[in-house]
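These protein sequences, in sequence, are chains Z and L. Just so you know, we're using the numbering used here here: the first sequence kicks off at 60 and counts up by one. Just so you know, we're using the numbering used here here: the second sequence kicks off at 5 and counts up by one.
Simulated from the structure, these hints should not be mistaken for lab results. Glycine included, C-beta positions come from ideal geometry on N, C-alpha and C. Please note: incorrect hints may appear among the correct ones.
List time: in silico DSS-like cross-link candidates among lysine-lysine, alpha-carbon distance up to 30 Å [unchecked claim]: (1) L:133 / Z:321; (2) Z:155 / L:114; (3) Z:233 / Z:253; (4) L:114 / Z:142; (5) Z:349 / Z:170; (6) Z:244 / Z:403; (7) Z:236 / Z:337; (8) Z:364 / Z:349; (9) Z:233 / Z:260; (10) Z:359 / Z:191; (11) Z:236 / L:133; (12) Z:318 / L:133; (13) Z:253 / Z:155; (14) Z:359 / Z:155; (15) Z:116 / Z:142; (16) Z:155 / Z:142; (17) Z:349 / L:114; (18) Z:233 / Z:394; (19) Z:337 / L:133; (20) Z:403 / Z:263; (21) Z:394 / Z:337; (22) Z:263 / Z:233; (23) Z:260 / Z:236; (24) Z:195 / Z:356; (25) Z:195 / Z:364; (26) Z:233 / L:133; (27) L:114 / Z:337.
If we take Cβ atoms under 8 Å as the criterion, some of the chain Z residues that face chain L in the derived model are [said to hold, decoys possible]: (28) 269; (29) 278; (30) 280; (31) 284; (32) 288; (33) 289; (34) 292; (35) 293; (36) 308; (37) 311; (38) 335.
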Amino acid sequence: MIPPLRPMLSRRLMISALSTFAVLSLFGCGRTEPEATPPGGATTPGKKAEAVSGAFKVALVTPGSVSDGGWNASALAALNQIKGELGAETQNVEAKDASTQEENLRSYASKGYNIVFAHGGEFEAVALKIEKDFPKTLFVIPSGRTIGTNTTPVVLNLKEGAYLAGMLAAGMSKTGKIASVGATKSAVVEEVFKAYEEGAKAYKPTIEVIPTAYTNDWEDVGKAQQQTMALLSNGADVILQDLDQGAKGVFQAVDETSKPDKPVFAIGTNSDQNALSKNILASATIDITKAYVPIAKQVKEGTFKPNDTPYGMKSGVIGFVFNPAASAPLSADLKAKIDEATKKIIDGTLFPANSPAKAKP
Amino acid sequence: MDILISILMVATPLLLAALGEAIVQKSGIVNVGLEGMMLTGAFAATLGALSTPGHPGNAVLGLLYALLAGGAMAALFAFFVVKLEANQVVVGVVVNLLALGLTGTIYRAKFGQGGGFISTQILPHLLGKLNGLTLFAFFATPLIWFWVNRTRGGLELRSCGEQPLSAEASGISVLKTRTGAILFGGMMAGLAGAYLSIGSTGTFSENMSSGRGFIALAIVTSGRWSAVGCLIAALVFGGAEALQFQGQALGIHLPYQVFNALPYVVTLLVLAFGGKSAQAPASLGRPYHKS
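Given the sequences, and given the hints that come with them, work out the whole structure.
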């Protein structure tokens, strides 16, 4: 016989459950990027690996479901390409909460995997902590910041695409008000939205950019949809999002609100989302394959050295794709100015949100 | 007007799930598996909407699938807690885990590892941006309240939650009544899930209920196990959530975490300081052993 759940007890249970939710929202959960490099950290020399002899083994640990059609799905695609092109033995696993991060990284490293792609900045602290135990394994941290002995960040300048998105948003807005939706605030995420604002003000100094609204959840479609509806009802008419599955909520809200005489638009990020709606003007894309495959190749050949050289538009990792089926055409002036800015970013004469001057060859 | 719609959109799935759970708890059962039943409903609704020929399918058929899927999960739950008299909280947690694994696996098998976004038709808007599920939830509230408090069936239900032995002695089948209540609760949770997928966003993503089932549980307790109380608590939570969306949209300069935490803090306050007059059903959570 199980003791009954007394009223007071169930009330306490509810209170503690709710407190957990409140605390979780306060401190954020899910994908987080690390703090900036501590002084001196960036100059720590990376160790050069030797060419791989024997089986070449590559593992991928993702912070979320590889069925997300975006960030994590692209990592799996890159892994499959490494398997195909370099003949690597590959495996992947999902480490959805922080408690399983270290265990998963250790598990692959101790099995002698040459590379462990730990697909998100939240893995950086763990990788730096355990790297000394596995000198033969390279840990690769996209959106990371710190160069370790055998841990390398992959700095992704999505902000370059976001700058162009800002120009486009400012050019297409009729209300003079644009907005953006994110999940959790971090240095990398903030850079993206800062570049968006810079791009918008560069094209049209009078544009009003509503500070980024955060949902605290990369995946929650409903929250993203309702946050977007609130932004649209306050007069914003172009929305940039930096979300995973949540992006679908932004597009749904835009599609439901857009009317022929009062069009509203969204801009995609992370992958080419243009096919999802004619109200998506363009997408700022990340092609992680173009970063991961060369790294794997260099590790196999023994020429890779951990580094924090950013991958931007020049390397082809970051892209900006217009939607050919978009419901509204761009003016010739806007198109020309975006093309010009693209050229400057690739040439290394325009640095959105202070991207460092160095760029991948 | 936009704020009102926003409140109702947040409140609808919570209210649907909470109305079902209130009935379940009135019968003396705690269904912690609400979250999993919602998730199953959300996924089944998507499958149903996509099952008819012609993309993006038929959303109304999705509702039927959601009802059946929520009911099926509830039947499983009922088998363990009513028939086998297993610990209700443990079985509820298992239902949540099962639903997460099951929907995730089928989703990947059906739509590919790469996933991507699936789009379904959404339920037609009947009133502004509000659809039939919202209207149903609000019309069901007084009906359920009336049934529980003013009819013989409602009295029998309550007696099972308060004094199952006396109920049995007066000729009520406690096991049947509780099973019926659980099935009803599961179907309502299924509809709540359907609202998340085909009722508003027109897509499905893994774990898309993301904690709303637990909020619905809190709403039942805050709402003092009454349908009208649930309505009020759901609107309070919805109001706080809509307020935080608006606050951010207006660009008010506060850390965004303050906005995100607002709905939970408000519900917490309601729970802590709200009316304490009504008591939980006396036999809540206690298995009934028919002797």
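| In rising order, the numbers of the hints this structure does not comply with | Violated hints: none; all satisfied.
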